[in-house]
Amino acid sequence: MSKVTKITTWLTVAGFAAAAFMITTTAQAEWKPKGPITILIGFSAGGGTDTQARLIASELQKRKGWKIIPQNMPGKAGGIMARKLKNMPADGLSIGMAVTESFGYAMLAQKKAGYKVSDFTYIATTTSSQMGIVAKTSKGWKTFKDVIAVAKKGKVFKFAGMSPKHADINFLIEKKFGVKFNTVILRGGRKVMNAITAGDVDLGYGAGIQAKAVLAGQMVNLASGLAERIRISPNAPTLMELGIPHDIAARFLFVGPAGMPADARKALADGIGSIINDKSTKASQFVSKRYGGPEVITGKKLDDMIAANIAESKMLMKVMN
Amino acid sequence: MGVLDHIWLGVVAVFTADPIFTLAGLPFSTTIMMVVLGFLGGIVVGATPGLGGPFAMAISLPILISIFGFEPDALLPVLGFLVGIMKGSTVGGAVPAILFNTPGTPDSLMTTLDGYPLTKKGKPGKALRIAHFSSVSGDTFSDIVLITCAPFLAILVEKFLDFPEKAALIILSLAFVSAVVGRNVWKGMAAALLGMFFAYIGTGEDGYPRLSLGTDGLAEGLPLISAVLGVLIIGEVFKALEDMWHEMREKSVITNIKMKGDQKLHFSDIRRIFPFISISAGIGTMIGALPGIGSTLAATLGYATGRKVYKGDTPFGEGAPEGVAATEAANSAVAGANLIPVLSLGIPGNVSAVFIILATESIGGFNPGPQVFSLVPDQINQEMVYAFGLFTTMIFANGLNWTFGGVFMRSMGVMVRVPKQRLLPIVLLLTLTAIYVQQTSMFAIYITLFFGLLGYLMRKLKISVLPFVIAFILANNLEEAMRQAFAVTGSDPWFLLASPISVVFIALSIVVVVFFARNQKDLG
Amino acid sequence: MQNEKWTVGLAVFLVIAAAATLFIWIPNDIETGVVETFRRRVTIGDAMAPTMVAAALLVVSILMGVTAYFGGRQQKHAAKAGLDKQSFTFLLRLTIAVGLGLGLMVYTGPVIVDIINSFGGEIGTYRHLKAAFPYKYLGYVLGGFFMVFGLIRVVENRFSASAAWASIIAVLVLTILYDVPFENLLLPPNGDH
Numbered sequence: 270m271s272k273v274t275k276i277t278t279w280l281t282v283a284g285f286a287a288a289a290f291m292i293t294t295t296a297q298a299e300w301k302p303k304g305p306i307t308i309l310i311g312f313s314a315g316g317g318t319d320t321q322a323r324l325i326a327s328e329l330q331k332r333k334g335w336k337i338i339p340q341n342m343p344g345k346a347g348g349i350m351a352r353k354l355k356n357m358p359a360d361g362l363s364i365g366m367a368v369t370e371s372f373g374y375a376m377l378a379q380k381k382a383g384y385k386v387s388d389f390t391y392i393a394t395t396t397s398s399q400m401g402i403v404a405k406t407s408k409g410w411k412t413f414k415d416v417i418a419v420a421k422k423g424k425v426f427k428f429a430g431m432s433p434k435h436a437d438i439n440f441l442i443e444k445k446f447g448v449k450f451n452t453v454i455l456r457g458g459r460k461v462m463n464a465i466t467a468g469d470v471d472l473g474y475g476a477g478i479q480a481k482a483v484l485a486g487q488m489v490n491l492a493s494g495l496a497e498r499i500r501i502s503p504n505a506p507t508l509m510e511l512g513i514p515h516d517i518a519a520r521f522l523f524v525g526p527a528g529m530p531a532d533a534r535k536a537l538a539d540g541i542g543s544i545i546n547d548k549s550t551k552a553s554q555f556v557s558k559r560y561g562g563p564e565v566i567t568g569k570k571l572d573d574m575i576a577a578n579i580a581e582s583k584m585l586m587k588v589m590n
Numbered sequence: 030m031g032v033l034d035h036i037w038l039g040v041v042a043v044f045t046a047d048p049i050f051t052l053a054g055l056p057f058s059t060t061i062m063m064v065v066l067g068f069l070g071g072i073v074v075g076a077t078p079g080l081g082g083p084f085a086m087a088i089s090l091p092i093l094i095s096i097f098g099f100e101p102d103a104l105l106p107v108l109g110f111l112v113g114i115m116k117g118s119t120v121g122g123a124v125p126a127i128l129f130n131t132p133g134t135p136d137s138l139m140t141t142l143d144g145y146p147l148t149k150k151g152k153p154g155k156a157l158r159i160a161h162f163s164s165v166s167g168d169t170f171s172d173i174v175l176i177t178c179a180p181f182l183a184i185l186v187e188k189f190l191d192f193p194e195k196a197a198l199i200i201l202s203l204a205f206v207s208a209v210v211g212r213n214v215w216k217g218m219a220a221a222l223l224g225m226f227f228a229y230i231g232t233g234e235d236g237y238p239r240l241s242l243g244t245d246g247l248a249e250g251l252p253l254i255s256a257v258l259g260v261l262i263i264g265e266v267f268k269a270l271e272d273m274w275h276e277m278r279e280k281s282v283i284t285n286i287k288m289k290g291d292q293k294l295h296f297s298d299i300r301r302i303f304p305f306i307s308i309s310a311g312i313g314t315m316i317g318a319l320p321g322i323g324s325t326l327a328a329t330l331g332y333a334t335g336r337k338v339y340k341g342d343t344p345f346g347e348g349a350p351e352g353v354a355a356t357e358a359a360n361s362a363v364a365g366a367n368l369i370p371v372l373s374l375g376i377p378g379n380v381s382a383v384f385i386i387l388a389t390e391s392i393g394g395f396n397p398g399p400q401v402f403s404l405v406p407d408q409i410n411q412e413m414v415y416a417f418g419l420f421t422t423m424i425f426a427n428g429l430n431w432t433f434g435g436v437f438m439r440s441m442g443v444m445v446r447v448p449k450q451r452l453l454p455i456v457l458l459l460t461l462t463a464i465y466v467q468q469t470s471m472f473a474i475y476i477t478l479f480f481g482l483l484g485y486l487m488r489k490l491k492i493s494v495l496p497f498v499i500a501f502i503l504a505n506n507l508e509e510a511m512r513q514a515f516a517v518t519g520s521d522p523w524f525l526l527a528s529p530i531s532v533v534f535i536a537l538s539i540v541v542v543v544f545f546a547r548n549q550k551d552l553g
Numbered sequence: 483m484q485n486e487k488w489t490v491g492l493a494v495f496l497v498i499a500a501a502a503t504l505f506i507w508i509p510n511d512i513e514t515g516v517v518e519t520f521r522r523r524v525t526i527g528d529a530m531a532p533t534m535v536a537a538a539l540l541v542v543s544i545l546m547g548v549t550a551y552f553g554g555r556q557q558k559h560a561a562k563a564g565l566d567k568q569s570f571t572f573l574l575r576l577t578i579a580v581g582l583g584l585g586l587m588v589y590t591g592p593v594i595v596d597i598i599n600s601f602g603g604e605i606g607t608y609r610h611l612k613a614a615f616p617y618k619y620l621g622y623v624l625g626g627f628f629m630v631f632g633l634i635r636v637v638e639n640r641f642s643a644s645a646a647w648a649s650i651i652a653v654l655v656l657t658i659l660y661d662v663p664f665e666n667l668l669l670p671p672n673g674d675h
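Residue numbers (my numbering), protein chains in the order written: chain A, 270 to 590; chain B, 30 to 553; chain C, 483 to 675.
Bound-form chain A, shown alone:
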């Protein structure tokens, strides 16, 4: 590199830094959207993501006076929404809601996802799924160890998951314990629950939708997919305790296109966070009833979490290949 180019490079970097400094200092005043904010919801109407997004939107509108328009854009585990969102202007007027898997495993597992992690600004998480392996209580199993004991005798269980990740985890379980499952991927937690109820499958993954049935004694969480045990089923071991070193919990989160101004990102994150953390809001009550309760992660911590999630997914895929 010549001296001249070095200097110009340095000057450019310094210029950007100065500009960035100026932006952050002049943006002390609260960010205000210049027009209506559209929230693209990456899943279909009536589901858990949709409910959260709409509850948060109406509360945000009430508190801040911003006009907010929720819009469903389902498909490919949030992928369709992500493809659309990355091309929108990063002015804070277009944001999206999906799950961490949309920017992790689900994205990597596809040959042509059409978007990448760096296409987005990550705004805030709301809560995490209570991912568990579920069966009907009438099967008589208490924990996943009972299932493995039967499977080791050669019984092949029908096992429903919601994403290819679950199929991979099942493969790891098969390999570790020398058992065999027929794994089937269904679209969404409701379908898995129906298949279990109808006896079409023996086992399934539930992200929190099973809570009501578990509390009623109708279904049982046999294992926890989280780093810790599921609150309502303290007897079910985690996958890690079973020797499968993966945390497959998904978190719900808001994202925007890459390059969103820092003040907009902060204002949105603060607005969403304060609603989820306020126990009197419907949004907060919903995530507490159905999922792990409020869990707001923002800023640098969120970026690190997304990076860690990608690394974890890559590791899982490497084991598989």
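Simulated from the structure, these hints should not be mistaken for lab results. Fair warning: this is a prediction, and the values are worked out from it, not measured in the lab. Where hints are given, some of them may not hold.
With a straight-line Cα cutoff of 30 angstroms, these simulated BS3-like cross-link-like pairs (lysine-lysine) come out [said to hold, decoys possible]:
no. : chain 1 : residue 1 : chain 2 : residue 2
1   : C       : Lys567    : B       : Lys149
2   : A       : Lys569    : A       : Lys336
3   : A       : Lys411    : B       : Lys188
4   : B       : Lys188    : A       : Lys460
5   : A       : Lys421    : A       : Lys460
6   : B       : Lys337    : A       : Lys405
7   : A       : Lys460    : A       : Lys408
8   : C       : Lys567    : B       : Lys268
9   : B       : Lys188    : A       : Lys414
10  : C       : Lys487    : B       : Lys491
11  : B       : Lys489    : C       : Lys487
12  : C       : Lys487    : B       : Lys268
Position chains B and C against the provided structure of chain A, taking the given hints into account.
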């Protein structure tokens, strides 16, 4: 929780949830109000030549969803309104047929045969009363069959059918629909296959949306509402506009009808027409329960059977009240029974059922299918509550029909004066707007117009649109069922032939197609 | 003979379309095959369903063509299928009316905002104004009016004041119906901005 608890909860949900006001101490719920509004609106729309139940359902669905939202609370008011339209438009359809010899929909074509001669004889009031009585009787009978049969059928299905059998059952339904609708089996099948193919664009499991030609617009898949409303409504609007453009002859002057003599419906009349109503109600219900055969064929068959049985003085076709009764009872009896395949199998058999499915697809909490009627000990199956709520709205709408329907219907003669050539362009804009507010993308409008053109061409080429629409709706269910069946059988390539039940279904599909292909000359 | 001619023509078209889909479109525009082994799991690929449908369509259209060509004479009483010259004239007029309406619907709002800005109005972009009165109504009302009025004009084959009034009232009623009661609904084309 037993079945009775669920029935009770369904009834309670309809009558007491979310009351708008109280009348004489009785709460008046949103759902009840929506049924009433839908019913009255349905009569008006049914009485307007050129419009019909499907139009009204198509147009109101997005508005209803905007009003009530996507939460499960919205289900009963929205479904109640659709049920109201379904019932109202059925009785309303007889009005222009009897008074002006203009059948608003193909269903009421047969009603003109005896209804209009009765009017010319100075008995329009009597003809309308007979039509109303027969229509409501047929409808009520059909609903009773639905309510008693659907749950049992669903339980059987759930008990005996696994993923592979469900896939085979969808194939059988599609084969049946395409073979039985229209004159040419091959055209029907081509329509169904095209519908499936369009449904596969932009969908699939892989991250790259298949067949999307690399475009972002197609990557989201073709919206269900665009395809369905495009082919069913826009296509019909285009065709009707062309027909009017062709004719452009002045509207025939509406002749003033003078009423002569007794217009009332006496018990002796009822006794005379009752056998015809019973036969036709049976025929209509049976036809309604089979996917794909609509009320037009039911009306034709009901009329033809009535004519064979008939021994009266006035021949059929010259103003026999029995002719009106036979037709109206048959085409009205289709409506309720049509929901049997929807609720027990999740398979829509005709246009009204398509809109019920569209509504439940948009609103969460209720997925029509066999699981709706599965009993879970010590727990409430919310979907079963919704199903019984739906039944309750149907019974309530029948009650309305028995009590007020007749009076309101007889006042609808004025609707024939609405100029169709001005109404239909407005319907077009309304449909496009309705789709836009749901999809919020101009691309969805372009897609809708594309399907409209397709629907127009299909009508010009005498290809039935129903197999197309039903196949579009079921295509992804079928693919999903096949994937799941393949997976749970441990990648067995012969999963479709792995159990006796699915072998029977597949064999029946082939038999149906071959049978109708060999006999297609006799149909129509 | 009209009937069979069109049916045979349709069959030929479908045969070509199905074959092109089967041999050109599907292999080039679907990522996964008919059956996929992806990370040791054998599954049905994305190409399975479209391939089966396209293949079935190929067979069905051949049968349609053959039966229509050889058996057509027996269907004497069947209604005529197909389009005539007048249909194409109608379609052309229909396209003009609908196209004009859609064009105005999409471009009126943004163009007017641009014009105001270029005269120093500084009202922000259309994206900021998509939910603001009166900009949000411009495209829909103008485009909707021309679509409805144009179609009535096509069918009635003459301009009439009453048709214009009917169109204006219809568009205004629709605007009020969708926009006023619902805060979160966007009229065309505002959701695209």
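Just pull the numbers of the violated hints for me, sorted ascending. 1 and 6
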